[in-house]
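**Student:** Residues per chain are reported as follows:
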Amino acid sequence: MLEKEKLSHINESKKKWEENVLAKALNKAPERKEEFKSGSGLKVNRLYTPEDIANIDYEEEIGFPGQYPFTRGYQPTMYRGRLWTMRMYAGFATAEESNKRYKYLVEQGSTGLSVAFDLPTQIGYDSDHPLAQGEVGKVGVAIDSLKDMEILFDGIPLDKVSTSMTINAPAAVLLAMYIAVAEKQGVSTDKLRGTIQNDILKEYIARGTYIFPTEPSMRLITNIFEYCSKDVPKWNTISISGYHIREAGSTAAQEVGFTLANGIAYVEAAVNAGLDVDTFAPRLSFFFNSHNDLFEEVAKFRAARRLWAKIMKERFKAKNEKSMMLKFHTQTAGCTLTAQQPDNNIIRVAMQALAAVLGGTQSLHTNSRDEALALPTEDSVTIALRTQQIIANETGVTNTVDPLAGSYYVEAKTKEIEEKAMEYITKIDELGGAARAIDLGYIQKEISDAAYQYQMEVESLERIVVGVNKYQVEEEPPKGLLKVDPVVAEMQKKKINEVKAKRNNEAVAEKLELLKKACQGTENVMPYILSAVKEYATLGEICGVMREVFGEYEQAVLL
Amino acid sequence: MNRPIRVLVAKPGLDGHDRGAKVIARALRDAGMEVIYTGLRQTPEQIVATAIQEDVDVIGLSLLSGAHNYLFPRVAELLKEEGVDDVLLIGGGVIPNEDIPGLKEAGISEIFTPGTPTTEMIEYIKNNLKR
Amino acid sequence: MSYMKLIENMLKGQKRACGKLITIVENEPEEAEKILREIHQYTGKAHIIGITGPPGAGKSTLTDKMVKALIKEGNKVAVIAIDPTSPYTGGSILGDRIRMQDLALDPNVFIRSMGTRGHLGGLSKYTKNALKVLDAAGYDYIIIETVGVGQSEVDIVKIADTIIMVMVPGLGDDIQSIKAGIMEIGDIFAVNKSDLFGADRTATEINMMLDLSMDMERRPPVVKVVAAKNEGIDDLINEVREHINYLKKSGKFEERRKNNLKLEVVELIEEELRKIVISHTDKESKLDGEVVDILNKKKNVYEVRDEFLGKLNRSPN
Numbered sequence: 074m075l076e077k078e079k080l081s082h083i084n085e086s087k088k089k090w091e092e093n094v095l096a097k098a099l100n101k102a103p104e105r106k107e108e109f110k111s112g113s114g115l116k117v118n119r120l121y122t123p124e125d126i127a128n129i130d131y132e133e134e135i136g137f138p139g140q141y142p143f144t145r146g147y148q149p150t151m152y153r154g155r156l157w158t159m160r161m162y163a164g165f166a167t168a169e170e171s172n173k174r175y176k177y178l179v180e181q182g183s184t185g186l187s188v189a190f191d192l193p194t195q196i197g198y199d200s201d202h203p204l205a206q207g208e209v210g211k212v213g214v215a216i217d218s219l220k221d222m223e224i225l226f227d228g229i230p231l232d233k234v235s236t237s238m239t240i241n242a243p244a245a246v247l248l249a250m251y252i253a254v255a256e257k258q259g260v261s262t263d264k265l266r267g268t269i270q271n272d273i274l275k276e277y278i279a280r281g282t283y284i285f286p287t288e289p290s291m292r293l294i295t296n297i298f299e300y301c302s303k304d305v306p307k308w309n310t311i312s313i314s315g316y317h318i319r320e321a322g323s324t325a326a327q328e329v330g331f332t333l334a335n336g337i338a339y340v341e342a343a344v345n346a347g348l349d350v351d352t353f354a355p356r357l358s359f360f361f362n363s364h365n366d367l368f369e370e371v372a373k374f375r376a377a378r379r380l381w382a383k384i385m386k387e388r389f390k391a392k393n394e395k396s397m398m399l400k401f402h403t404q405t406a407g408c409t410l411t412a413q414q415p416d417n418n419i420i421r422v423a424m425q426a427l428a429a430v431l432g433g434t435q436s437l438h439t440n441s442r443d444e445a446l447a448l449p450t451e452d453s454v455t456i457a458l459r460t461q462q463i464i465a466n467e468t469g470v471t472n473t474v475d476p477l478a479g480s481y482y483v484e485a486k487t488k489e490i491e492e493k494a495m496e497y498i499t500k501i502d503e504l505g506g507a508a509r510a511i512d513l514g515y516i517q518k519e520i521s522d523a524a525y526q527y528q529m530e531v532e533s534l535e536r537i538v539v540g541v542n543k544y545q546v547e548e549e550p551p552k553g554l555l556k557v558d559p560v561v562a563e564m565q566k567k568k569i570n571e572v573k574a575k576r577n578n579e580a581v582a583e584k585l586e587l588l589k590k591a592c593q594g595t596e597n598v599m600p601y602i603l604s605a606v607k608e609y610a611t612l613g614e615i616c617g618v619m620r621e622v623f624g625e626y627e628q629a630v631l632l
Numbered sequence: 372m373n374r375p376i377r378v379l380v381a382k383p384g385l386d387g388h389d390r391g392a393k394v395i396a397r398a399l400r401d402a403g404m405e406v407i408y409t410g411l412r413q414t415p416e417q418i419v420a421t422a423i424q425e426d427v428d429v430i431g432l433s434l435l436s437g438a439h440n441y442l443f444p445r446v447a448e449l450l451k452e453e454g455v456d457d458v459l460l461i462g463g464g465v466i467p468n469e470d471i472p473g474l475k476e477a478g479i480s481e482i483f484t485p486g487t488p489t490t491e492m493i494e495y496i497k498n499n500l501k502r
Numbered sequence: 257m258s259y260m261k262l263i264e265n266m267l268k269g270q271k272r273a274c275g276k277l278i279t280i281v282e283n284e285p286e287e288a289e290k291i292l293r294e295i296h297q298y299t300g301k302a303h304i305i306g307i308t309g310p311p312g313a314g315k316s317t318l319t320d321k322m323v324k325a326l327i328k329e330g331n332k333v334a335v336i337a338i339d340p341t342s343p344y345t346g347g348s349i350l351g352d353r354i355r356m357q358d359l360a361l362d363p364n365v366f367i368r369s370m371g372t373r374g375h376l377g378g379l380s381k382y383t384k385n386a387l388k389v390l391d392a393a394g395y396d397y398i399i400i401e402t403v404g405v406g407q408s409e410v411d412i413v414k415i416a417d418t419i420i421m422v423m424v425p426g427l428g429d430d431i432q433s434i435k436a437g438i439m440e441i442g443d444i445f446a447v448n449k450s451d452l453f454g455a456d457r458t459a460t461e462i463n464m465m466l467d468l469s470m471d472m473e474r475r476p477p478v479v480k481v482v483a484a485k486n487e488g489i490d491d492l493i494n495e496v497r498e499h500i501n502y503l504k505k506s507g508k509f510e511e512r513r514k515n516n517l518k519l520e521v522v523e524l525i526e527e528e529l530r531k532i533v534i535s536h537t538d539k540e541s542k543l544d545g546e547v548v549d550i551l552n553k554k555k556n557v558y559e560v561r562d563e564f565l566g567k568l569n570r571s572p573n
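Same order as they appear, the protein sequences are chains U, Z and Y.
Note that the working numbering has the first sequence beginning at 74, numbered continuously upward.
Note that the working numbering has the second sequence beginning at 372, numbered continuously upward.
Note that the working numbering has the third sequence beginning at 257, numbered continuously upward.
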């Protein structure tokens, strides 16, 4: 009752303000635009007041950190307890070079490694495959067999570090290689910590490093869930990624909607395979993008957390609170970086990183200023890392939990994005789930529509990109960009030949045959992949067997 | 001959980032062109064979993985081998400035780097057709 | 290059010449006629398969798999894939061949994409011309994948020997609506994505509908396929072959082709006549005055027509 009276009073005051104060101001100086829109094209009001959040129940919708629905954070003390992990994704051409870097990082006290693989590895081709030509070692390290993995982690105690691997279609193979290296080091698998991305649906949607069709891919993922829940219990088995969906041009609400829809598909697949939701759901993690519109992004992270908690509790009847917590890694938006005036990117990255922190991220990668031009140099990577350290140590935003909660604007936006995302999830449910919606090209079409609109707005100057369509200057082409030496491909080919000459080829053939049979049947394929890996069957050979049985995915494109 | 300009938008190599290629395909369509889109993971051989069968006026290559110095010239080379001299070959993506002269020398007529408005590309195509 | 040289190279099997000739016959009516006159003697050998059906039915994937099955048997196969042209900009995105790109390098395959360019009926105005070039180039099978917009896809009847109507589960209502329009043109029905829920029902519905159509001389078979998994493709090819046998044995093959040729000649005559009429009505014909007469009820439209035709007879062109 009291609340209602207050609101109606506020409403009256607002009307008076509009008539007496605002009208005059608008008369004198009209606003710059007729309508203001967020970075994702949502309407933004002039002013937000308690009226805009009147329909939000604090205890039910916002609540307390570390408590359902986790809007304010998954952890009760957040950054007062521990800062986010500053995890920088990095790729070097060969296992040897990467190993040097990792050793250096470990010596410096780093405990989180992040591995970027080159495209042939990500698509299950050995470095000597014709399609790998020109691509070996370009965007990350080339891994052809267990041999490369042994080199990659040589001298690095796998029970002491946590390793994040950006690998999807052949995730099972790379994880098996990691396990095999650990065994050689005498580290038992229950001590292994890390993450594989393992999110195939977003590969179909946005990132493109798919191999197999949907069904067998979902089976591989479920197999990994099952295998890890027993043998590698501390491993994060999937990182459900909105990052690439946003990079492909989606809006903030689409990023949340499509990512959580994918999450729903994985949970459903695992539940259908007979797994209890609370055995694997606590190991699910997410990966989001942090884009330009500061408040919209903060709202997005908060909305994602709340919506996932509700989905897990209400839809999947999870009982363990850990199953309901959305934990996520964030990367600043690569697509906002400009090739023009690249130093401006430092500022963009700082704002985006701030949004991720205000949104309660668990780990963060900040992009480097020169990434619209090439792979980042060491200097640029350092600035990017320093950006995080400045936010953490100098700005004071870490002193309190979820500082933007209660902002009329941010709470209203959080609600709006949650609702919009839920609309997408409902639509996808109607189409028969994420896998089917992807097969129909629906999600891809929605994203490419948004991307096209964005581009047209930039070209019509409706959307300003500093240095690109406004405030341009004549520039000298930048110098000192990182280049990958083309001899890497030759080195990798040589290594493959050596491995093939040394290994027991009969044993390899036998293990591959067993793997083939397992793929044709319904067993968990992880143990078969592991035993093939241990005989030094190459990534290409293992994926080749699976390609033979499973076939290959065909892209759905609607333009 | 007053006929629509036919353009092949192709993604060579293994790079899966097709946002740019798709935006450009649409922009060219909206400029009245017939756009043939190949999808991902095309070899230079496939691209050239497609260009020949479709008898396109333009090939636009899009690549973000850094393999352009190998893949773009390979397309130009194959076109030459097949005696195709009436196709305008252009490219775009994350391509450092210092690579551009080499690519032009190899037969790629123009390279469009990030931030180029689609209108600029459309104008370029209209003014530089080889047919 | 002169078109004679192009024809010579096309007949030798050069894909580039073939591609160029298609561009000419698609764009330049006068040149096209010269070429088509020249290559007529080489045409008529290919078996022409039309693939039609609603959007999302998986026509491109099915085409891809059929081509692969056919070339395995040693055939040369060409594909014409048609996509809609935007009526606003005149542009189009021709994306059907994404599904077939691993065939791009096969020496026995030729794939060509075409926009409808404002033509209704599921094909482009000059699809037929392109077809003739590919026929002359020695392709044993030519598969035409229509736009797939639904009811108006009737042009395919005029050029295909065998029409495969592709359906998918989950379009229950559409079957009813399609029935009235184009269901009868299917020589073979393929229920694609047969691994999806509802496939049996779709097949049953089609079968029931076909059973109800008593006036059919041959009851079209219904084949279940999963194109994406390459399942049922051989059955489908067998049915195509059965259909060819049926056409040949029953004399329908010749009958269809004769009918189609007749149609084509009639169309060509119509087109010429239209040109004549336009050239006469555009000029300082009395038509403007006649129209005033019609308005003022001095004459009616039929009288004016007859007078006009009478004049044409006296002064041909």
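Any given hint might turn out to be false.
Said to hold, decoys possible - Only part of the chain Y face toward chain Z is listed, based on derived beta-carbon distances under 7 angstroms:
id, residue
1, Lys268
2, Lys271
3, Gly275
4, Tyr298
5, Thr345
6, Gly351
7, Ile354
8, Ser369
9, Gly371
What the hints assert, rightly or not - Derived contacts from chain Y toward chain U, CB cut-off under 8 angstroms, selection only:
id, residue
10, Thr317
11, Ile349
12, Arg355
13, Lys480
14, Ala484
15, Gly488
Since the hints were derived computationally from the structure, they do not count as laboratory data.
Where is the CB? At the ideal position from N, CA and C, for every residue including glycine.
**Student:** Honestly, which of those hints from before does the structure not fit?
**Tutor:** Those not satisfied are hints 1, 4, 13, 15.
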